[in-house]
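On the provided structure of chain A, position chain B as indicated by the hints.
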Amino acid sequence: MSAEFDLLGPWISLCAGILLTLLISVIRTESKRPAQISALITVVGTAVLSLGKQPSEAALVFAGSFEISSLTLLVLGGLCALAAMFILGTGHYLSRERIHISDYYHLLLILVLGASVMVASRNLILTFIALEVMSLPAYTLAGFRRNDSRSNEAALKYFILGGAMGAVFLLGSSFVFGATGTLTYSGVFSASKSGGVMLELGHLLLLVSFLFKVAAAPLHFWKPDVYEGAPTPVTGIMATIITAASFLTLVRLIHMIDYGAAEMGNYLAWLKSALRFVTVASLIVGSTVMITQRSLKRLFAYSSITHTGYLMLGVLGSFDSGASASSVLIYLCGYCVMSTGAFVLLALSKSPADTGTELIDLTGLMKRSPYLTGLWTIFLFSMAGMPFTVGFFAKYFVFMASMNGGETVVVVIAALCTVVGAYAYLRAIALMTMREAAPTSGEWELTPGSQLVAVGAAVFVLFLGIIPNAMLQYLKGIPLIH
Amino acid sequence: MIITLLVFLPLLGFALNAFYHFNSAARKREPSVWVAGLIASSAMVAAFVCALIAWARLKGSAGVGPVLEESLFSWMNLGALHVEFGYRFDRLSAAFTLVITGVGALIHFYSIGYMENRGSARYFCYLNLFCFMMLNLVLGSSLPQVFLGWEGVGLASYLLIGFWSKEMANIAAAQKAFLMNRIGDLGLLFAMFIAFKFAGTLDLARLAGFEFRPDVATVFGLLIFLACTGKSAQIPLFTWLPDAMAGPTPVSALIHAATMVTSGIYLLARLNPVISQSTTVLLVISAVGAATALMAAITACFQSDIKKVLAYSTISQLGFMFAACGVGAAEAGVFHVVTHAFFKALLFLGAGSVIHALSGTQDVFKMGGLRKRLPFTFWTFTAGWAAILGLFPFSGFFSKDMILHEALVAAHGNPWVFGVLAFSALLTAFYMTRLYVLVFFGESRLSEEAGSHVHESPLVMILPLVILAVASLAGGWFGVPVHLETAHGEGASSVSPAVIMALSLLIAGVGAFLGYRKYSGTIQVEATKDPFRVDEFYGAVVGRGVKSLASFFGRYLEDGFFQKILQVSGAAVDLGGNLFKTVQTGSAQGYLLMMVLALLGLMFGLVFGVNGYGN
Chain A
39 MSAEFDLLGP WISLCAGILL TLLISVIRTE SKRPAQISAL ITVVGTAVLS LGKQPSEAAL
99 VFAGSFEISS LTLLVLGGLC ALAAMFILGT GHYLSRERIH ISDYYHLLLI LVLGASVMVA
159 SRNLILTFIA LEVMSLPAYT LAGFRRNDSR SNEAALKYFI LGGAMGAVFL LGSSFVFGAT
219 GTLTYSGVFS ASKSGGVMLE LGHLLLLVSF LFKVAAAPLH FWKPDVYEGA PTPVTGIMAT
279 IITAASFLTL VRLIHMIDYG AAEMGNYLAW LKSALRFVTV ASLIVGSTVM ITQRSLKRLF
339 AYSSITHTGY LMLGVLGSFD SGASASSVLI YLCGYCVMST GAFVLLALSK SPADTGTELI
399 DLTGLMKRSP YLTGLWTIFL FSMAGMPFTV GFFAKYFVFM ASMNGGETVV VVIAALCTVV
459 GAYAYLRAIA LMTMREAAPT SGEWELTPGS QLVAVGAAVF VLFLGIIPNA MLQYLKGIPL
519 IH
Chain B
19 MIITLLVFLP LLGFALNAFY HFNSAARKRE PSVWVAGLIA SSAMVAAFVC ALIAWARLKG
79 SAGVGPVLEE SLFSWMNLGA LHVEFGYRFD RLSAAFTLVI TGVGALIHFY SIGYMENRGS
139 ARYFCYLNLF CFMMLNLVLG SSLPQVFLGW EGVGLASYLL IGFWSKEMAN IAAAQKAFLM
199 NRIGDLGLLF AMFIAFKFAG TLDLARLAGF EFRPDVATVF GLLIFLACTG KSAQIPLFTW
259 LPDAMAGPTP VSALIHAATM VTSGIYLLAR LNPVISQSTT VLLVISAVGA ATALMAAITA
319 CFQSDIKKVL AYSTISQLGF MFAACGVGAA EAGVFHVVTH AFFKALLFLG AGSVIHALSG
379 TQDVFKMGGL RKRLPFTFWT FTAGWAAILG LFPFSGFFSK DMILHEALVA AHGNPWVFGV
439 LAFSALLTAF YMTRLYVLVF FGESRLSEEA GSHVHESPLV MILPLVILAV ASLAGGWFGV
499 PVHLETAHGE GASSVSPAVI MALSLLIAGV GAFLGYRKYS GTIQVEATKD PFRVDEFYGA
559 VVGRGVKSLA SFFGRYLEDG FFQKILQVSG AAVDLGGNLF KTVQTGSAQG YLLMMVLALL
619 GLMFGLVFGV NGYGN
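These protein sequences, in sequence, are chains A and B. Residues 39 to 520 (the working numbering) are what the first sequence spells out, left to right. Residues 19 to 633 (the working numbering) are what the second sequence spells out, left to right.
Chain A extracted, bound-state conformation:
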């Protein structure tokens, strides 16, 4: 048992940090600073603890339900690092919106805990619990601007739809259990050799609930509304932490089935074409609607639907072999950092929250703040996949994976969507640099914390865009599925 505790160290330290932060927020209700510091120390400490460990072999604890491996530790560390960036970079937004209360921090920590456990889980019940542990704080955080009806609406929508999809997941689990008599991934894997329509249905339902979480078309409807209504930092957290964890879980759920099983052959072929449809739909819907948007948050919502499509490209590429989809990990890594940077910048907008930040607020930003414009340009370039940014290599590897998987048509469509998407990103840059500010253009304010985070993220984006090799080798060495 003590060995297991040793292995679980990073998660335990996160839990301890949650309790401490909760305690602090109960004791010191009038000041949010102690809770903020406690949360920051917790995530930084956990990130250091988990990234410091590099187990060569995956270990399973709790009767095979919980996996401790280089991947799950990387995910925990990475999510904590992202959380640290948000805590450090967006406190001013919360203060400005008068929602800077200490509860925010332990909710965020619980969300990170749920997300990291979800990826580490190898048991459907644990996955469900972790999913809910992640989702419930997210619903609450989405409605954090209590006096704003749009925030409330977002929370409610997110909750209703998320709850429904949670039910779908449970239904899927029960089908799987009915078909195989087990809930552990490895049990299902070995039982899948005999096939059966119940198992197939159950598996499909599991996937659908997570396709909803990552907002793959046609299950993406919630995303623009929730993104727009939620407070900007929370939108950023949804776009990065929740998306990353959900996507990795999705990949692991897809590979829960044995691909060598002859009995499942028909189903797998069908599933691949279904996923191909989802990929293409996400790419087309995301990129085309993105260019019609005026609100920046909605623009990023559709942008993230497109990114889901690109991530799915990596999944499709490695679908048959069941090989570790390292391109997905590389993409997620780049995507999370550039999105964090973008959302930290977005939270600097002083436009009133009820109208939201629009494209027009970017006009003439070059004259007003060249520094901010430079940062924006780096992140937008990266999202468009320009060379010398991490976004280029991210796209390069998912495209390559997909090509190697024989998905030429999908890659061509994806490349065309990249062009359409680039239009939206470049237009934003053009508004900043080539237009004069409109009288209605909103103000932006720079704060030290956000500067630190945004500059750090920008350096990361450029560094990996110019010298990607070390990171690539590291990520390629991490198996996504066992």
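Don't take every hint at face value.
Selected chain B positions facing chain A (Cβ under 8 Å, derived; list incomplete) [unchecked claim]:
{"hint": "1", "residue": "Ala616"}
{"hint": "2", "residue": "Val625"}
{"hint": "3", "residue": "Phe626"}
Just so you know, these hints were derived from the structure itself, not from any lab. A virtual CB, placed ideally from N, CA and C, is assigned to each residue, including glycine.
Just chain B now, kept in the frame of chain A:
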């Protein structure tokens, strides 16, 4: 790590000065030229010291071709493409590195005096950035790294030519330089593609040892040469260099005389084994080099702007170096790079000192008689003049003599090349003497205003002049700095070096005598002209051709064809976007319904499509 250190020291200077610049701007203060200049200069001096240490180690290390290698990290690792980021220091790089850091440091110091009241931290930023990029160019271990430096020096050159950006002409000159260089850069890019396709490597050492197929070797060599004509101002891409004189004079000395423009010679020398695989390439190089040497020398005789004379002289001297590479004697070319760096930097800095003294006058017909009033400038300039003429025992004598000799005796030597170069040398002596006499001798033709406050330059400018004068004198005494593996076999003809020496001294004497006779008496003001009218030719033919081609494309392809395609596809995308948007009603029930429908569709497809329950 000494090589890495020496490369990154200028970058450190760049960063410090950038910080200083922005910090001063934030406090609304003018940055002090002395502080900025000393930061930049000490970075360069430190780099020079590092280069000396590395050079000493190189001498100490055993082996035929001693090399210091420092690999920093693996830069790109994509499929078959592996590129290491690292530095390689051998004799060839050492020669260039010592020139860049040594002459560079002197010019940095000189700039402090020259740019006082007119410069800023920004200027020294660019200057340090240039040195960093230039060092990457000559020390990089792979072609992409050379390309990084190649583009980087182009950028720094652009920024510095247009440094005084209030004048439209300066900006135009900067753009011209940038665009012409871009054409050459295309050559380097395509050469890299070919190298990767056929040799499978971009590493310089491995590339140099690779045997290309004969036709590929020719194409590769010509592409590399195209790149070199851009950067080193050879026919047909040389017209940017005279215009580049719009930049501050120390910049002209460093970038447009001593270092950047010689990077073409570096590349040819570095890839010498590959270049030598094709006699066609060698022939083209020597022909273009000799033609450039002659053409620029003729043009230089008709210039009245002191810097323009020196600019055409640089082009002409670069032609000598290319011709040397072309006849298969790249080491003679590199030797001339080194000596030329000393005396041409000296001449430019001397010219700068004259311009400084005359508060900006550059027309040689408005000078005269400055010998007494600017004694230090005069004596140091004399050393430069003697060196470029090739008078014994000045450095130019040794290197120019070697090129002339090799033009006859080297494996690909050719009497025509020799003849053209010899005549260019005569012209060189003529126009340099013309310049020298017009500036320093005879009656003063200064305007009242300029004449009233002629002053010798401050010590910080004089000292570099003196050091460079010593280098111009002694730079050739130690012989060839680099021995390259060139085809030394049987030459086209065998002529004793002594004959060539005597001949070249005679040529210099005749040229100088003619120049002195024509310009020592009463002076008639000559109008500047470009006897070849290359600029006008480019404007008329290339410029108009491109314009009409552009308008053709604009009218028919762009407006007619692509515009339609864009409109249609744009409309389609818009339509799609709006279509998908309409389902975004905002109602949660609606979304749920859609998602349930999607779910049902998938389940239906699964049950009936896969398992065939329908059949």
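Comparing the hints with the structure gives:
A distance limit of 8 Å between C-beta atoms decides the matter here; for Ala616(B) the minimum to chain A is near 5 Å, and the interface restraint holds. Against a cut-off of 8 Å between C-beta atoms, the interface hint on Val625(B) holds, since the closest Cβ of chain A lies about 7 Å away. The criterion of a C-beta within 8 Å of any C-beta in chain A is not met by Phe626(B), whose closest approach is roughly 11 Å, and the hint is violated.
Hint check: a violation occurs at hint 3 only; the rest are consistent with the structure.
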